[in-house]
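K.L.:
Residue-level listing of the chains:
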Amino acid sequence: MMPLPLIRRESALIEFTDVGLRYGEGPEILKDLSFRVEPGTFHFLTGPSGSGKTSLLRLLLLSLKPTRGRITMFGQDVSRLDRDRLLQMRRHIGIVFQEFRLLDHLTTFENVALPLRVLGQPEADYRSNVEELLTWVGLGTRMDAHPPLLSGGEKQRAAIARAVIARPELLLADEPTGNVDPDLSERLVHLFAELNRSGTTIILATHELPLLDKFDYPRMVLNGGRVAIHD
Amino acid sequence: MIELLSRRRNRAAPIVPARSVAGRTLLLLIAIMTFLSAVTLGGVVLVQKSAIAWSADVGREVTIQIRPVEGEVMDSNLRTAVSLAEATPGVASARALSLDENRKLIEPWLGTGLDLSAIDVPRLVVVELSDPADADIAKLAEDLKAVKGASLDTHAAWRQQLNTMAGTIVVSGLLVLALIVVATVLAVIFATRGTMASNREIVDVLHFIGASNSFIAGEFQGRFLAIGLRGGVIGGLCAILFFFIVGAAVGNVAPEAAGAQLGVFFGRFALGIDGIIGIAAMIPVIAAMTAITSRLTVRRFLTQIS
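Respectively, the protein sequence lines represent chains C and S. So the first sequence is numbered by our numbering: it starts at 1 and just counts up by one. So the second sequence is numbered by our numbering: it starts at 1 and just counts up by one.
Because the hints were derived from the structure by calculation, they are not lab data. The beta-carbon is built from N, C-alpha and C at its ideal position, and this holds for glycine as well. A couple of the hints might just be wrong.
Sample of chain C residues at the chain S side, in silico, Cβ under 7 Å [unchecked claim]: (1) Arg91; (2) Leu114; (3) Val118.
Chain C residues, not near chain S, derived (Cβ > 10 Å throughout) [unchecked claim]: (4) Tyr23; (5) Glu28; (6) Phe35; (7) Ser63; (8) Ile95; (9) Leu103; (10) Leu106; (11) Ala113; (12) Leu119; (13) Arg142; (14) Glu169; (15) Glu194; (16) Gly199; (17) His207; (18) Leu211.
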């Protein structure tokens, strides 16, 4: 993956300063958000339904622009980036959704390899990496299966593999345990923890408090559009 | 088995699946549009070729008409007119039509079995020009003033009318062709929009994993290019087959008189190699037009949603 230009490694990976967000003429969903996320950390993002978790993740994924305030990611003010630079920055961010969002007509292998295919890499270059990653997430024998034939847990592990195959520096997960049973939820969080230990910064949004209690990671709590960080 | 799986993985499935594009309907539509375009183009080519041939044929001939004048001897006037014509530069030959030929000419109006010796009818001298451009028609007209009752018909008015009619048909055909092209473009735009709406999930996923709009547009464009090519080939081949069947029907099925009449209008009803090349050239044009239209529509759609 191409390195981001002008990145200042000594700075925070993410820095929000007085960020506000509203949709159209509606009320402000996120208010005065100011926080920093250091590289290599793991944060839970939590809060009641409708508190703005998904909106915050969309800001972090660069698919929304804040109504006010400043967002700095990878050392750059995102409001100053043109479309090409935003696209380049987005390639350093992985995303995992609650509803998996795998493409049903592609095999598990092809789904996971998609980010590399989009980057124009030939399959011969990435095949062994994809196979290795799928084996690591426990899908070594399901590479040629299509998503409709996978269980919920298998789909989510495939989605996670797809999110990290291009080695993103930041991994966002929006309720990744929402469609799996509690036991599997815990195993999935362990998988995220493994990725975090390999250096990936992780922000995992969930409203499952029992799950949060099992892990000792800082929590970003959204409530009424404002955020509080509990270490 | 492992090798087989490995080989299969070498050929990654298309990101935009073939079945997700409204392919069959669009394929049929493009095939029909190509067929209509090709038939229109072929018709225009036939009319234009025939008009040029008619005009050239008529232009190589002028007619001297000699009306009966009291006190004048018709046969003598005919001989004089023929001599004057033959002496004119650019004239290949001149020949007076016989009474029998005259009778055949006026048979449609006056019926058969007519005795022309009892009626004074104008006589005609057919003058073939060796080179219409160099023939001194003005001199011939001047010389014929010496023959009482003689007048010269260069068929200029008829040729003018013929050219006007052929031009009108060609312009109308090109207008129809343009309308078909516009209708095809609109159909492709609607089909592309429908496809993009029904494939929104694929577009979103590609966006999330960092695909550029250009990459996404390229994936969809490939599908539409393939549909455009297939539709173009089907429509073009059907059009060529159509002209072949109509040409054979005119030659074999139509009654002799009707066939001859159609032959007069459209020659042998054959497109010729240039007509076939013209129709074949439409196929890549239709395919490219489909691909470009879909690409622009996809880019616009992606710009709107991003």
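K.L.:
If a hint holds in the structure, say so; if it doesn't, say that too.
P.N.:
Each hint tested on the structure:
Evaluation of the C:Arg91 hint against chain S yields a held restraint, the C-beta minimum of about 4 Å falling below 7 Å. A least Cβ separation of about 6 Å between C:Leu114 and chain S falls short of the 7 Å threshold, and the interface hint therefore holds. Checking C:Val118 against chain S by beta carbon gives a least distance of about 4 Å; that is within 7 Å, so the hint holds. With a cut of 10 Å on Cβ distances, C:Tyr23 stays outside the contact zone with chain S, its closest approach being about 15 Å.
Even its closest Cβ contact with chain S, about 23 Å, leaves C:Glu28 beyond 10 Å, as expected for a residue assigned away from the interface. No beta-carbon of chain S is positioned within 10 Å of the beta-carbon of C:Phe35; the least distance is around 23 Å. Distance check for C:Ser63 against chain S: the nearest CB is about 7 Å away, which does not clear 10 Å, and the non-interface claim fails. At roughly 5 Å, the least C-beta separation between C:Ile95 and chain S is not larger than 10 Å, which violates its mark as non-interface.
Against chain S, the non-interface label of C:Leu103 is violated: not every CB pair exceeds 10 Å, the least being about 6 Å. A Cβ of chain S approaches the Cβ of C:Leu106 within 10 Å, the least distance being about 6 Å, so the stated non-interface status is violated. The beta carbon of C:Ala113 sits about 7 Å from the closest Cβ of chain S, which is not more than 10 Å, so the claim that it is off the interface is violated. Some Cβ of chain S comes within 10 Å of the Cβ of C:Leu119; the nearest lies about 7 Å off, and the non-interface call is violated.
C:Arg142, annotated as away from the interface, keeps every beta carbon of chain S farther than 10 Å; the closest lies near 12 Å. Taking the minimum C-beta to C-beta distance to chain S, about 13 Å, the non-interface status of C:Glu169 holds against the 10 Å cut. Once the 10 Å rule is applied to beta carbons, C:Glu194 is consistent with being away from chain S; the minimum gap is 21 Å. The claim that C:Gly199 lies off the interface holds: its Cβ sits roughly 19 Å from the closest Cβ of chain S, which is beyond the 10 Å cut-off.
Distance to chain S confirms C:His207 as a non-interface residue, since its nearest Cβ pair spans about 22 Å, more than 10 Å. The claim that C:Leu211 lies off the interface holds: its Cβ sits roughly 24 Å from the closest Cβ of chain S, which is beyond the 10 Å cut-off.
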